[in-house]
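Chains as they are written, first to last, in the working numbering: chain A, 1 to 377; chain W, 1001 to 1377; chain L, 2001 to 2377; chain R, 3001 to 3377.
The reader is advised that the hints may include incorrect statements.
[To be verified] Below, in silico cross-link-like pairs of lysine-lysine (PhoX-like), each with a Cα-Cα straight-line distance of 25 Å or less:
hint, chain 1, residue 1, chain 2, residue 2
1, A, Lys145, L, Lys2291
2, W, Lys1056, A, Lys4
3, R, Lys3127, R, Lys3088
4, W, Lys1373, L, Lys2373
5, A, Lys51, W, Lys1004
6, W, Lys1051, A, Lys4
7, W, Lys1127, W, Lys1088
8, A, Lys373, R, Lys3373
9, A, Lys215, R, Lys3373
10, A, Lys68, A, Lys51
11, L, Lys2056, R, Lys3004
12, W, Lys1215, L, Lys2373
13, R, Lys3068, R, Lys3088
14, W, Lys1373, L, Lys2215
15, W, Lys1068, W, Lys1127
16, A, Lys291, L, Lys2291
17, R, Lys3291, W, Lys1291
18, A, Lys56, W, Lys1004
19, W, Lys1215, W, Lys1373
20, R, Lys3004, L, Lys2051
21, L, Lys2068, L, Lys2088
22, R, Lys3215, A, Lys373
23, A, Lys4, A, Lys51
[Claimed, not checked] Estimated spans, in silico, between C-beta atoms of each pair:
hint, chain 1, residue 1, chain 2, residue 2, range
24, A, Val294, L, Arg2227, 55 to 61 Å
25, L, Val2294, A, Leu86, 42 to 48 Å
26, A, Pro316, W, Thr1002, 30 to 36 Å
27, L, Lys2056, A, Ala172, 55 to 61 Å
28, L, Glu2032, R, Leu3049, 17 to 23 Å
29, A, Val294, R, Val3244, 43 to 49 Å
30, L, Gly2225, R, Arg3003, 39 to 45 Å
31, L, Lys2291, A, Gly150, 17 to 23 Å
32, L, Gly2098, W, Gly1246, 50 to 56 Å
33, W, Lys1230, L, Val2294, 24 to 30 Å
34, R, Val3175, L, Lys2056, 41 to 47 Å
35, A, Pro293, L, Arg2227, 58 to 64 Å
The set of hints was computed from the structure by calculation and includes no laboratory data. None of the values given here were measured: they were computed from a predicted structure. Don't be surprised by glycine CBs; every beta carbon is placed ideally from N, CA and C.
There are 4 protein chains.
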Amino acid sequence: MTRKLRIGLIGSGFIARCHVYGYRTMLSVFPEAAAQPELELVADMTDDLAKAAAEKFGFRRATGDWRKLVADPAVDIVDICVPSHLHKEMALAAIAAGKHVYCEKPVGLNGGEASEIAAAAARAGVKSLVGYSYLRNPLIAFARKLIQEGAIGEVTHFRGAHNEDYMADPAAPFVWRCDSAIAGKAGALGDLGSHIISIARVLVGEIASVCGATKTVVAERSLGGGRTRKVENEDQAQFLVEFVGGATGHIEASRVATGSHMDITYEIVGTHGQIQFDGERMNEIRFYSDKDPVDRRGFRTIYTGPAHPPFGNFVPGTAHGIGFNDQKVIEAYELMELVAADRPTGPDFTDAATISRILDAVLQSAAERRWVKVAAA
Amino acid sequence: MTRKLRIGLIGSGFIARCHVYGYRTMLSVFPEAAAQPELELVADMTDDLAKAAAEKFGFRRATGDWRKLVADPAVDIVDICVPSHLHKEMALAAIAAGKHVYCEKPVGLNGGEASEIAAAAARAGVKSLVGYSYLRNPLIAFARKLIQEGAIGEVTHFRGAHNEDYMADPAAPFVWRCDSAIAGKAGALGDLGSHIISIARVLVGEIASVCGATKTVVAERSLGGGRTRKVENEDQAQFLVEFVGGATGHIEASRVATGSHMDITYEIVGTHGQIQFDGERMNEIRFYSDKDPVDRRGFRTIYTGPAHPPFGNFVPGTAHGIGFNDQKVIEAYELMELVAADRPTGPDFTDAATISRILDAVLQSAAERRWVKVAAA
Amino acid sequence: MTRKLRIGLIGSGFIARCHVYGYRTMLSVFPEAAAQPELELVADMTDDLAKAAAEKFGFRRATGDWRKLVADPAVDIVDICVPSHLHKEMALAAIAAGKHVYCEKPVGLNGGEASEIAAAAARAGVKSLVGYSYLRNPLIAFARKLIQEGAIGEVTHFRGAHNEDYMADPAAPFVWRCDSAIAGKAGALGDLGSHIISIARVLVGEIASVCGATKTVVAERSLGGGRTRKVENEDQAQFLVEFVGGATGHIEASRVATGSHMDITYEIVGTHGQIQFDGERMNEIRFYSDKDPVDRRGFRTIYTGPAHPPFGNFVPGTAHGIGFNDQKVIEAYELMELVAADRPTGPDFTDAATISRILDAVLQSAAERRWVKVAAA
Amino acid sequence: MTRKLRIGLIGSGFIARCHVYGYRTMLSVFPEAAAQPELELVADMTDDLAKAAAEKFGFRRATGDWRKLVADPAVDIVDICVPSHLHKEMALAAIAAGKHVYCEKPVGLNGGEASEIAAAAARAGVKSLVGYSYLRNPLIAFARKLIQEGAIGEVTHFRGAHNEDYMADPAAPFVWRCDSAIAGKAGALGDLGSHIISIARVLVGEIASVCGATKTVVAERSLGGGRTRKVENEDQAQFLVEFVGGATGHIEASRVATGSHMDITYEIVGTHGQIQFDGERMNEIRFYSDKDPVDRRGFRTIYTGPAHPPFGNFVPGTAHGIGFNDQKVIEAYELMELVAADRPTGPDFTDAATISRILDAVLQSAAERRWVKVAAA
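Let the hints inform the model, and build the full structure from the sequences given.
Written out as structure tokens, the structure is:
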């Protein structure tokens, strides 16, 4: 009999839907997981909204009070899918109730909040997983393997970006992501930049110092009815990086990069090779090795296949492709393995706190127009 | 209350698993469908195998006798996921029992069998859907729209291929697909060529004549234990095409195309533009228009997005990508819409019979080394 | 003192200009060649035209009578850059005068004329070179090396095309290429198809049989002033191929392939690898090997570099790129080496005659709608 | 009678050869130019070297004393192809002699030297052209046209790089480029970064401030015979940019970017579109416009053609391709037009001085770890 882990989900928006997709679909893809999720309880702002969410998502029960959810004895894992300003209170409450926590990124409004949450989780001994879902692409593990094997030699330079254009149209309305009290002071940087930072850390290691610049391209956005509101965080951000290991780097994020729909990209240069990835072609990676004979050196376009676990769980044929949602399926699987089998994965709250401190350092460096060291935990 | 359509599935192999994936996942993606599938009954060769399948796939009941399944009053749709030589008997029995039928391609061992099934379904008035799942890629509908709008002018030439390399290694063992009594006389042509033919018909129209050539690259394959068996159908096939509408074409299929993992490709040339697609990058299509100003003419790489339904049901962001399995999710949705809402879709048994007659004509032309007209229904 | 070979050029159109470009530029690129060309004499239809050509191209002398040119003792090499219907008379005269001959493709109006020219050259012991300039791309020699080394195993299938769109616009005027008395009965096939056939022969070997189809997409074209004329040869052609060595293939050519500006492409599938090339990216080739570890197999995009001679003569850095004209520079160099150093190259008149007989076989097979063997020399 | 401009070339290395290639080839490509170059006099370190150069390059006369060359009345244009530390003395002497000057980049050892040269040229009223040859790619003019037309809206962000791997191998020997007394304090930045800066200025405008970082990846390099020498300037550099017009940017340069053979790349994001270019595919550019209908938006891959002057001078067919050397042919043409027809082009010494001051600012910002304003002229 497969073990069940009962999920208590807070929120019912876009990302909550993605989580539910992951929970529901993982049984088809990972029937052998250490546990399968059970959709136990969902919380939203009112009882009615929560009931609608329960019906839509297939949860057994619903509540208009998230505090009841975190305290509910039938909930094993609290899953937090709400804007950043609510993370701290909810996560701390869930941790205090002894729940394992699955939380959307970037966790809290800043590095201070994230660190506080991470410390509480550590003290309580609960497990945590943060939804940096692009890390679930099987090619991340493959790129990491290549680097660790020395296939590109010593890493000397990293270029990373997460550029999208979902707010490129100046007529795109003001949304909560533009409100720094809700989303945090980091705009594109928090929403998108945090993803590519999570990748940089996994592939190249810790970041020592940063020097950044930010820009709000569209200063005001429509609230509808002719009213507008000032955008309170940046539309695009970029920063130079020094990694602890000695490599240099550049990272950027934009939500106004016209034409870049899903450009989470990285290029990792080493002394003996290079790796390139572009999120718009998420099933392929490019790898160059100077060990190939000189007349046939070139970037290999490698399509994800069964040789890149857990792709084979989805489909047995190379280049048959998985999609955006499938990353959340893998994330749900990792969550089950983490909690039920104690198999270490990441990123947890500690990782998320480190990422948030990097975001803080970027904003500080942009304000002070100089390099800033990333604060220690 | 959402209507339920009860599925009776025959088979439990790779493609059966894909069907089940589609059934299970469509609730997450198409909650608004006219009906949702209910996993009622699964049949396999023995009761034990069927029970294992039921547990693995989440079916309510199991049977070792497919005849019981097709007769079961609690089954609304019979889903046939077994090799081609069993299609005819099962499909005819299901039709005779008044069931709607969802069947894997290419349907039967040849055009004769497929036509017989199609005629029976027509007489019985049951609905049918055949698993030409690459037609479910949202970009097929988009390409069709472009063509119908005249965006590339009159179609003059079609190049299509479905090349894979799953048997490229001569050491790959003999499998049922190499046995013409089970898989049919068409090897790569039946398995893969039928897919690209299904696309050619949807995008360019009916095929009038063909002239083909076939080749069995690996003549014998291992049965294990040092024994080998003669491969009874071709590893690669190609044929020239004349469409009823006047366009010319070339279609090929190979299961030994080393390096081509998932190359279902088409290039459609028109008097005013061109469309190109490669299945290894299933989320993008290339479109050229001579209406663009001369200094900025070029193929546009268009990523699938919400503007290409039903992609938006999966994820709201362009270029975020769907995968191979998602095509079966859409197929399951289409099945529900077909049966519950009487919304015409395709391909049905009549289409499948036409495709099978094209396969027959290709084999005949290859044998006779001349052009052959595709037989009428 | 570098040896000089004196050129007598007949013609002054587009391709003549390309030849002159090659002659003039090869001194910069191949200063070490066994000889350098000297622009001695140019012939055109009238004395005035010839004088203008001499001035434009930098020839020492001019004549309105090509017969004087072929007889001129100060001419070492006769270079024929005129439409196909004039090839036979001019080439035979040049051969009779004991001149080496450099002739544009496809040589004569058909296989019969080309064979007659080839036989005459053989009897006279003069050297010949035919302007199949795409063979001069350094990547052809590299692809050939890969194949001969066994890097892709045994070749099983060849796909080749030379598609352009220079006449895709139905309003494009009638030109001599549409007149079968001048250009030959093969339209796109003769102009473009002959090029990709020349590549197929170099890379895969001799062609045994063909089965083709042709189509004149635009039946009439404008002569200006409201008058039109029937197009006398095909706009697009395609044919199935059987190589002597056992491989199968498909070759096509079109002058109306909207959006395909310079698509001379080939894809060569072998039992252990694959090679892909597209003329619009003439400085790169894609190579797949199943000898790579399974998790890092993929097509390598290899840019031309000094490891692919004679690229290094142009520029010492990989991926810095050469262009269309540079192929004619290499061809001029090969001509000098052929004549002055007796270094065998190709294609000569014998090769051209073989290619012309293949064209004839394609046209015959298209007319008879069946496979046709290529006639022996 | 075509006007002749007599060239006095100083130097005979790689780049001198490129200049000569340009001079010699432009007659074939630009017969209509306002003047044609005449290879009058070449100077090298000794009389013998100069004589060898004259023979190799086809110059009429030779000298071992560059001072004689700049003073020679038969020289109209002094062409300086020597390392940076010699630029100042030679350029000032040539200017003093009233010669027009064609000089390789980056001009002098630093902004101070370059500015001094620029001022002298301005005072003397002589014309100057600096060899930023990547600006000669016809696609630069096209990209500029797109931007000026507003085809991508207002430019918001620029990413540029010139990465190569010619010194990626740690065993690559110490060369003059590693010696700051000869090449300047800017290593990859001066050699390669200056090129991409030249492009950034032409496409996006003046740079106001920079914040950079540099790294010498290979600290010592071989002098042969077991001896090594410290590398005195950086192998890779990167910097954040603020343009005067408000756009942000990032620019990097590396000579150790393994796998990047010729990656001069730029990506220009605007409020309504984006442009992307990669130097390894120098005949194509990618252009995205949000004015396209939403279902067919995508980057167009536009191949250079006659619509992008002066490409049509090379070959009349789109996508037929030009190469690296052809940029120097265009540069030679521009030089002739500048001097003989007084047609303004660029970049001149004033532009080069601005670029050099940007390099100085990058080095200063890297040393001081903060943003630095680019010094005014």
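Checked hints:
A hinted pair counts as satisfied when its Cα atoms are at most 25 Å apart, and Lys145 (chain A) with Lys2291 (chain L) qualifies at roughly 20 Å. Restraint check: the Cα-Cα separation between Lys1056 (chain W) and Lys4 (chain A) comes to about 16 Å, which is no more than 25 Å; the hinted pair holds. The straight-line distance between the Cα atoms of Lys3127 (chain R) and Lys3088 (chain R) is roughly 16 Å, inside the 25 Å bound, and the hint therefore holds. Distance hint between Lys1373 (chain W) and Lys2373 (chain L) is fulfilled; the C-alpha atoms sit about 23 Å from each other, no more than 25 Å.
Only pairs whose Cα atoms come within 25 Å are accepted, and Lys51 (chain A) paired with Lys1004 (chain W) is accepted, the gap being roughly 22 Å. Pair hint Lys1051 (chain W) plus Lys4 (chain A) holds up; C-alpha atoms about 22 Å apart against a cutoff of 25 Å. A C-alpha spacing of about 16 Å is found between Lys1127 (chain W) and Lys1088 (chain W), which places the hinted pair at or below 25 Å, so the restraint holds. Between Lys373 (chain A) and Lys3373 (chain R), the direct Cα distance comes to roughly 23 Å. Compliance with the 25 Å bound is thereby established for this hinted pair.
For a cut-off of 25 Å, the pair hint linking Lys215 (chain A) to Lys3373 (chain R) stands: about 18 Å separates their Cα positions. Taking the CA atoms of Lys68 (chain A) and Lys51 (chain A), the gap is near 15 Å; set against the 25 Å cutoff, the hint holds. With a C-alpha separation of about 16 Å, the suggested pair Lys2056 (chain L) and Lys3004 (chain R) falls inside the 25 Å cut-off, and the hint holds. Restraint check for Lys1215 (chain W) and Lys2373 (chain L): the C-alpha separation of about 18 Å stays at or below 25 Å, so the hint holds.
Between Lys3068 (chain R) and Lys3088 (chain R) the CA atoms are separated by roughly 16 Å; this keeps the pair inside 25 Å, and the hint holds. Only pairs whose Cα atoms come within 25 Å are accepted, and Lys1373 (chain W) paired with Lys2215 (chain L) is accepted, the gap being roughly 18 Å. With a C-alpha separation of about 20 Å, the suggested pair Lys1068 (chain W) and Lys1127 (chain W) falls inside the 25 Å cut-off, and the hint holds. For the given pair, Lys291 (chain A) sits about 14 Å from Lys2291 (chain L) by alpha-carbon distance, which is consistent with the 25 Å threshold.
Taking the CA atoms of Lys3291 (chain R) and Lys1291 (chain W), the gap is near 14 Å; set against the 25 Å cutoff, the hint holds. Annotation: proposed proximity of Lys56 (chain A) to Lys1004 (chain W) holds, straight-line Cα distance about 16 Å (limit 25 Å). For the given pair, Lys1215 (chain W) sits about 21 Å from Lys1373 (chain W) by alpha-carbon distance, which is consistent with the 25 Å threshold. Proposed proximity of Lys3004 (chain R) and Lys2051 (chain L) is supported: the alpha carbons are some 22 Å apart, at most 25 Å.
Pair hint Lys2068 (chain L) plus Lys2088 (chain L) holds up; C-alpha atoms about 16 Å apart against a cutoff of 25 Å. A hinted pair counts as satisfied when its Cα atoms are at most 25 Å apart, and Lys3215 (chain R) with Lys373 (chain A) qualifies at roughly 18 Å. Between Lys4 (chain A) and Lys51 (chain A) the alpha-carbon distance is near 23 Å, which keeps this suggested pair within the 25 Å criterion. Between Val294 (chain A) and Arg2227 (chain L) the Cβ separation comes to about 59 Å, which falls inside the hinted range of 55 to 61 Å.
Distance hint for Val2294 (chain L) and Leu86 (chain A): a CB-CB separation of about 46 Å, consistent with the stated range 42 to 48 Å. A hinted range of 30 to 36 Å for the beta carbons of Pro316 (chain A) and Thr1002 (chain W) is consistent with their spacing of about 32 Å. Checked against the hint of 55 to 61 Å, the C-beta distance between Lys2056 (chain L) and Ala172 (chain A) comes to roughly 58 Å, which is consistent with it. A hinted range of 17 to 23 Å for the beta carbons of Glu2032 (chain L) and Leu3049 (chain R) is consistent with their spacing of about 19 Å.
The hint said 43 to 49 Å for the Cβ distance between Val294 (chain A) and Val3244 (chain R), and at roughly 44 Å that hint holds. Distance hint for Gly2225 (chain L) and Arg3003 (chain R): a CB-CB separation of about 41 Å, consistent with the stated range 39 to 45 Å. Separation of Lys2291 (chain L) from Gly150 (chain A) is about 20 Å and conforms to the stated range, judged on CB atoms against 17 to 23 Å. For Gly2098 (chain L) and Gly1246 (chain W), the Cβ-Cβ distance of about 52 Å falls inside the hinted range of 50 to 56 Å, so the restraint holds.
Take Lys1230 (chain W) and Val2294 (chain L): their Cβ atoms lie about 28 Å apart, and the range 24 to 30 Å holds. Taking the beta carbon of each, Val3175 (chain R) and Lys2056 (chain L) are about 43 Å apart, inside 41 to 47 Å as hinted. At roughly 60 Å, the beta-carbon separation of Pro293 (chain A) and Arg2227 (chain L) lies within the given 58 to 64 Å, and the hint holds.
The structure meets every hint from the earlier list without exception.
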